[in-house]
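Colleague: Each chain, letter by letter, is given below.
2 protein chains.
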Amino acid sequence: MENKVQRFIERARYDSESLFEILDSSPYCIISFCEKGFPYAIPMNFARLGDHLYIHGHRDSRIIKHLASGNNAAVNITIVGNVVISEKLCNYSIKYRSAVIFGKFEEFVDRPEKLAFFKAMGEKLNPGKIANSILPDEKDLDNVTVLKIKLENFSIKIND
Amino acid sequence: MENKVQRFIERARYDSESLFEILDSSPYCIISFCEKGFPYAIPMNFARLGDHLYIHGHRDSRIIKHLASGNNAAVNITIVGNVVISEKLCNYSIKYRSAVIFGKFEEFVDRPEKLAFFKAMGEKLNPGKIANSILPDEKDLDNVTVLKIKLENFSIKIND
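Chains as they are written, first to last, in the numbering used here: chain A, 1 to 160; chain B, 1 to 160.
Hints are computed from structural coordinates only; laboratory data are not their basis. For each residue, glycine too, the CB sits at the ideal point set by N, CA and C. There could be a bad hint or two in this list.
[What the hints assert, rightly or not] Covered stretches of chain A (chain B as the covering partner; in silico rule of three or more C-beta atoms under 8 Å from a C-beta of chain B):
1. 9 to 17
2. 40 to 49
3. 61 to 74
4. 77 to 85
5. 92 to 99
6. 102 to 111
[Claimed, not checked] Here are the simulated SDA-like pairs of lysine to any residue, each with C-alpha atoms no more than 25 Å apart in a straight line:
7. B:Lys65 to A:Ala12
8. A:Lys95 to B:Ser16
9. A:Lys119 to B:Tyr92
10. B:Lys95 to B:Lys36
11. A:Lys119 to B:Ile85
12. B:Lys104 to B:Gly50
13. B:Lys4 to A:Arg62
14. B:Lys124 to B:His58
15. A:Lys4 to B:Gly70
16. B:Lys88 to A:Met44
17. B:Lys157 to B:Phe102
18. B:Lys104 to B:Asn72
19. B:Lys104 to B:Ser16
20. B:Lys4 to A:Lys119
21. A:Lys124 to A:Gly81
22. A:Lys88 to B:Lys157
23. A:Lys150 to A:Asp51
24. B:Lys88 to A:Ala120
25. A:Lys65 to B:Gly103
26. A:Lys124 to A:Lys139
27. A:Lys157 to B:Tyr92
28. B:Lys157 to A:Asn126
29. B:Lys124 to A:Lys124
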């Protein structure tokens, strides 16, 4: 597995600060995985807590079952900026910040950690306004599957 | 390989009109592929011409080499809309339109088709303003690798 940026290497970064900034700026990520040799790429909501990225879903959903079984994943978060117009048509480009996280998701059942995930995701989607929301109860928490992946193997490419 | 939407199936669509609308609304896509069993997910610019999606890159780049070699790909295009706030924190959601295209890219060397791709991508990034751009010359066209994938095996999920 080779996870280093190989082209435009001056755009590469590998620090957590840059990673966290990108993750905390996007409401969703693309989860990529392989099944029987075929690639898949599915958008999902997520939240970051410390050095983990969390996703949730129904335990019977295909992607949750696949990822909870210890299969490898790649998680892409891309934020695009302005188009860069060039005199030459073939030199047009787009500003972007993109991160790919590699690794395996793990399931956990700890209710306080699940609750912390829901609060973090709610806060990201509705900043400063979740205080009056109805929090998930124990049944809500037990009924949802939450997976997390450690943010330790990743690459970042920034063209700004 | 199972490419049908399996959850929230009322959100699924499989028609070209919906697909083209999503593709033509996004400046980039996420290309997913498998290499030695590991998934990857890389953002790339693209354009659509008819029923093909086109990408370009340096012939020595890893993803271009991999895709041009006939390996399977999944291409995700996701457009997010408004956050849907709920009284219950665990019921927050986001409006989205997402498409995944499955298949294999193929390389081609035809210069007029490469030029049509550059014009389509330029028009998408700078609508109505490419008339005065310097077009790629024969050397430019020969130096770039352009790949295309047929838009025939895809699924769409829309929550609007």
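Colleague: Now look at each hint and say whether the structure bears it out.
Modeller: Evaluated hints:
no.	hint	result
1	9 to 17	violated (count 0)
2	40 to 49	holds (count 5)
3	61 to 74	holds (count 5)
4	77 to 85	holds (count 4)
5	92 to 99	holds (count 5)
6	102 to 111	violated (count 1)
7	B:Lys65 to A:Ala12	holds, 20 Å
8	A:Lys95 to B:Ser16	violated, 29 Å
9	A:Lys119 to B:Tyr92	holds, 11 Å
10	B:Lys95 to B:Lys36	violated, 35 Å
11	A:Lys119 to B:Ile85	holds, 13 Å
12	B:Lys104 to B:Gly50	holds, 17 Å
13	B:Lys4 to A:Arg62	holds, 11 Å
14	B:Lys124 to B:His58	holds, 21 Å
15	A:Lys4 to B:Gly70	holds, 23 Å
16	B:Lys88 to A:Met44	holds, 19 Å
17	B:Lys157 to B:Phe102	holds, 14 Å
18	B:Lys104 to B:Asn72	holds, 5 Å
19	B:Lys104 to B:Ser16	holds, 18 Å
20	B:Lys4 to A:Lys119	violated, 32 Å
21	A:Lys124 to A:Gly81	holds, 20 Å
22	A:Lys88 to B:Lys157	violated, 36 Å
23	A:Lys150 to A:Asp51	holds, 6 Å
24	B:Lys88 to A:Ala120	holds, 14 Å
25	A:Lys65 to B:Gly103	holds, 24 Å
26	A:Lys124 to A:Lys139	holds, 23 Å
27	A:Lys157 to B:Tyr92	violated, 30 Å
28	B:Lys157 to A:Asn126	holds, 24 Å
29	B:Lys124 to A:Lys124	violated, 31 Å
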